[in-house]
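There are 4 protein chains.
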Amino acid sequence: MKEIGIGVIGTGFMGKAHSIAYSASASVFGTGLRPRLEIVCDLSPERASQRATDLGFSRYSSDWREVVNDPAVELISVCTPNDTHAEISIAALAAGKHVWCEKPMSTTLADSQSMTDAATASSGQTIIGYNYTKNPAVTHARKLIESGAIGRVAAFFCRYDVDNEADGQRPWSWRMSRDRSGTGANGDVLSHVISVGHYLTGSTIKRVVGDIAIVHPERDDPDNPGQQKTVDNDDMVAALVQFENGVHGHIGASRVTWGYKCGLRWEVHGTNGTIIFEQERLNELKLFTRQDDPATDGFRTILTGPQHPPYSAFLPNGGHSLGYMDVKICELHELLTSIESGEPVWPSFSDGLIIEKVMDAVDRSSLSGQWVDV
Amino acid sequence: MKEIGIGVIGTGFMGKAHSIAYSASASVFGTGLRPRLEIVCDLSPERASQRATDLGFSRYSSDWREVVNDPAVELISVCTPNDTHAEISIAALAAGKHVWCEKPMSTTLADSQSMTDAATASSGQTIIGYNYTKNPAVTHARKLIESGAIGRVAAFFCRYDVDNEADGQRPWSWRMSRDRSGTGANGDVLSHVISVGHYLTGSTIKRVVGDIAIVHPERDDPDNPGQQKTVDNDDMVAALVQFENGVHGHIGASRVTWGYKCGLRWEVHGTNGTIIFEQERLNELKLFTRQDDPATDGFRTILTGPQHPPYSAFLPNGGHSLGYMDVKICELHELLTSIESGEPVWPSFSDGLIIEKVMDAVDRSSLSGQWVDV
Amino acid sequence: MKEIGIGVIGTGFMGKAHSIAYSASASVFGTGLRPRLEIVCDLSPERASQRATDLGFSRYSSDWREVVNDPAVELISVCTPNDTHAEISIAALAAGKHVWCEKPMSTTLADSQSMTDAATASSGQTIIGYNYTKNPAVTHARKLIESGAIGRVAAFFCRYDVDNEADGQRPWSWRMSRDRSGTGANGDVLSHVISVGHYLTGSTIKRVVGDIAIVHPERDDPDNPGQQKTVDNDDMVAALVQFENGVHGHIGASRVTWGYKCGLRWEVHGTNGTIIFEQERLNELKLFTRQDDPATDGFRTILTGPQHPPYSAFLPNGGHSLGYMDVKICELHELLTSIESGEPVWPSFSDGLIIEKVMDAVDRSSLSGQWVDV
Amino acid sequence: MKEIGIGVIGTGFMGKAHSIAYSASASVFGTGLRPRLEIVCDLSPERASQRATDLGFSRYSSDWREVVNDPAVELISVCTPNDTHAEISIAALAAGKHVWCEKPMSTTLADSQSMTDAATASSGQTIIGYNYTKNPAVTHARKLIESGAIGRVAAFFCRYDVDNEADGQRPWSWRMSRDRSGTGANGDVLSHVISVGHYLTGSTIKRVVGDIAIVHPERDDPDNPGQQKTVDNDDMVAALVQFENGVHGHIGASRVTWGYKCGLRWEVHGTNGTIIFEQERLNELKLFTRQDDPATDGFRTILTGPQHPPYSAFLPNGGHSLGYMDVKICELHELLTSIESGEPVWPSFSDGLIIEKVMDAVDRSSLSGQWVDV
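Chains as they are written, first to last, in this note's numbering: chain H, 147 to 520; chain W, 147 to 520; chain G, 147 to 520; chain Y, 147 to 520.
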């Protein structure tokens, strides 16, 4: 088994998730490249040191450039705040590394374009962490759609609701500032929705009309007790969309919805059937196709199992359930396979750039009140 | 118990549904006005006669004017094709009758306006048959919203998908022609969505941007074997909407979706909670409100029962389930109560007119590509 | 359309439900015998008079013998307390009437036997109101099973949980006394379970071993404030069962379960598939049969619709939902069809007697701790 | 961070699952003992060597005694066929190791007793892999029950259905022989049910009456084409049970049910509420407790999240879903914590023995037709 040297930059949740994926990948798949955990980086040396121990890395650093320039490192995870993705990724690609960058790609279209240019100029493979397309249930949905199981796709509907900021008593944070964070629910949450739409339809969104709303326009200023501070980016966003291949859809996202915890849910309507999925039940896919006997028609709840690759790398029996972390391992496995084969993986930086352009178009349309071309 | 003389015009499914409601109403509620089935009307005298027998009317006619002018008739059900609603309703109101008119109100805004004018000029009570707001589960949702149980309403999302025309092999029909039928999914299906939105929010939609799609643009011409005929109204329609009271939403409808049979489903997101409903499980309401202990937070599935008026008029125990026909009886009961009290019932003709205006705005916006004020 | 004269004895919920069914039946089905509401009976003349008005009967009485002997009455509903079913039913049959008797059949096996003997000696048709077998979804399940869609039936599992007595603060009532009411959850609730088992398998239970439990053995004595009274019949009952045709199963019931309101749910496991049903979602049937492609295997949720007779007598489109009352109308329709054809309907008194015998066997087994033959 | 040397014996699915858990544990929890993968064992040296590489062990062996006697090894996973558990576990305990043994404990009560005696005589910690009790949702259920959230527990119901042998065309295997494998569905599947019952109630089953069935009594003999071979252990098993603390229940299991893939599902009924769980949706717990306002009563679907330890070791946000493998890591974490603290973990060998005794009692009762004390 060939090894590949790994560097992870950023040790928040995503840095941890990537590290666990690197640890487990070879055990799960037993084939292909075997990750070797070389170096982990955090701005705080103490934390970097601790995380190296916890997560099983050989070395640590508090300077991301050390990771980028480390000759033992071949693949780098960029798990830092969004506004640093571009600089680190571009440097890593320039240094000949492969890059696994978390979503969203960056905080400006210009940065995302530069990242894509850097990837094009490099021999490295790239992937953006749009994880909700890597679940075997979703992969199976894509396969069903491609095979024509539901006919020609006519419509795609998707919402993603979370409760992160649902509590209006939560104080103002930098995420609620256009200057500091760009869009709100759009960048954080809707980006996943767009990735799923592109993945499932095998097409991309070409036109949008959007609408945004700020549900809690004033929040307590954490720095000035008793005062309020203005939220100026979107708590909620919605859009009507048209895809290149003629599919129509509507998409939406909210960071202020009570009750949903990971409320991504989508439907694909085709001329011969319908597929429905809910992320909170990620091991289930609902499929309707016409039966010979209409008296037994109905949505079928398919539980993921060994028939849905790469489920069987994890578990021998259906219905035993993969979790979020397992799907992150699937994502890594696709990247490692891509690095071995030299074939790009979806969504590479150039695929991610298109998603960013749709997010941007939704935002511009929401502000202008016009349909906007992507 | 005071009686009220009934005339039913039209003997298709809706004429039958109204008639059954009239038969059962007094038995169920045991109070208020007792319907007396006077006369039923169908264009075919044979069918009219047969239906009078089946449905328990004293008399029948093949001329709707006889019903309108019948002195024993006080309340008239208009269950005829949509393009006849205006003429019949206006005549009935002019004759001093109360009118229960099926949805959609008519086929043109002008007709709907005339109907509303006639209602205003009359002492009769009117109601449009937007039945999906009369279910005790939905009434309870409205009550929860009004009471502030989920805080300030921020968003309303609703789709209604049916499979009526999902099969692309079904031949062309007059319903697929703008000239003959007006809009497609908009008038047939989205109208219900709008009624639900108005009912739940206690507000009305003021601005929309819409999008329509024709999924099967050519269908077999039933009159010319081997030839195709063009479908020129919407198989699918979607819109972003803004309400008078600041609620944002998206709504959609389709007549070509496989798998959904009566696929109306909606969500209301508030600043303290969320409510979800699916018409195919019409006895269930999902409610999320914050618990003291977040470890026991979760959507609650409320089964309708005696705590949800007027459920207890039908059944003494919860969970025993009302059906579509029972909800039609609830609708009638509201109308009869209105007639007794002299207080208008929602949605009267003037409420229905606003719904028609929203439908029209969605259609105009879909054609113009602009946000449109209602 | 031929008419049939109706007498209803007892005006509680079941008397009302029967009366509504009689009113609606002809309108719904439009064929066959048309009920003519002759006379209704309640012990209180005032109430009887009021109910005659409310429910649309021509006459009323406070003496059930008047109903039984009324020459205009051909079909009698027995909706009185359980310990009066036998006397009234036997008299009605002796008078040449058909009888629709509510469940459970009576309070003793001897009474149920006498009722059966009276039915055998009479030309009248009889039916016991085991309503949960009359729903089109359940009828369809039976049809699927008979057709071999799930292979040979191997197992039947069913529970019925309700919350009627779940609150331990509710005072003692006569229902909690073996002397006054016989068994508890067994007679009230498990009887339905057994009826469903017999109906679906087309066989009958031949051997049982049971277990009972009294969850709240003492309750407040309503007649003696501050004192407690002993509950001596079953709050919960469960049994392992074996059917004549080799099916094995377990069944159970409780009157003290929180959360379930009408919690009848069953599974039938066959050698080629499985069927699942929940009464609280009475318009859905879950069916699993093997697919050619195991990757699309899964339970299908079938919504009742026009393909499931007699749904289409009520509604033209699937998914619109029948309710409890509609299913009661289906039950009546089967009885009227039986009266017209002269063919017995299931469950006649003799079918009901077998159900009573199983209930008795479960109770005896629970007390003796032995397997018991029915 | 202190390390602990690990040996894994057996490299089938469970050996792999244990190994992945050992790899991920420290990364996930970041505290406590850090597993150091020393040696893996498989009867085939080639396979052992390959698995050492894949799974990240330093060494391998084809002789389990080498693992047991390896001084660098402190904790041993026993993932071999059931009839070898006793010999290996006893040797490991005698050598002063801790033991993580897969379920069921062994193939005879005598062996399970010897294992328990060895554990008692040893200072090693032991655990049997009854994984379905280690899920944060289930742990939370136990906590709710202990805290009295649903009052006094009255009933426990649980079934576990799988489709392993549902296809009657599958040939005979040694698992279908009492001589070779002991009981069928009882040992394989019902054992989990019993573990869950003991865990949730905090009590143990004391009396049972059981029933078994062989659904496919003859299967193709894989060694003699065209001939059949007799299945003589249980395809299905069911029992009524009584717990030491007065809870009544029924339990069941089947290896021949179509549709369920990992169909463990249970209910706990208490005097103030009800809890429901389905393993195929392992991140959801359904809880009913009485609300102040009965109009908002209903089962709440709780999604596991950071409020449900140790979920937050894996994921920072609720609803993101743990999978089977994560729960195995939870199980390991409990064992490692036990090793550190010296406090036994549930279910140790002595707890596992009680489960075996219940399985044995169910089997004896099924054969004798009598209630049996455990």
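Simulated from the structure, these hints should not be mistaken for laboratory data. Among the clues, some could well be false.
Said to hold, decoys possible - Straight-line C-alpha distance at most 20 Å; calculated EDC-like pairs for lysine to aspartate or glutamate:
#	chain 1	residue 1	chain 2	residue 2
1	Y	Lys-148	H	Asp-200
2	Y	Lys-148	H	Glu-192
3	Y	Lys-289	W	Asp-439
4	G	Lys-148	W	Asp-439
5	Y	Lys-289	W	Asp-438
6	G	Lys-289	H	Asp-438
7	Y	Lys-148	Y	Asp-439
8	Y	Lys-474	H	Asp-200
9	H	Lys-148	Y	Asp-519
Consistency of the hints with the structure:
no., hint, in the structure
1, Lys-148/Y to Asp-200/H, "holds (11 Å)"
2, Lys-148/Y to Glu-192/H, "holds (19 Å)"
3, Lys-289/Y to Asp-439/W, "holds (13 Å)"
4, Lys-148/G to Asp-439/W, "violated (63 Å)"
5, Lys-289/Y to Asp-438/W, "holds (17 Å)"
6, Lys-289/G to Asp-438/H, "holds (17 Å)"
7, Lys-148/Y to Asp-439/Y, "violated (53 Å)"
8, Lys-474/Y to Asp-200/H, "holds (19 Å)"
9, Lys-148/H to Asp-519/Y, "violated (58 Å)"
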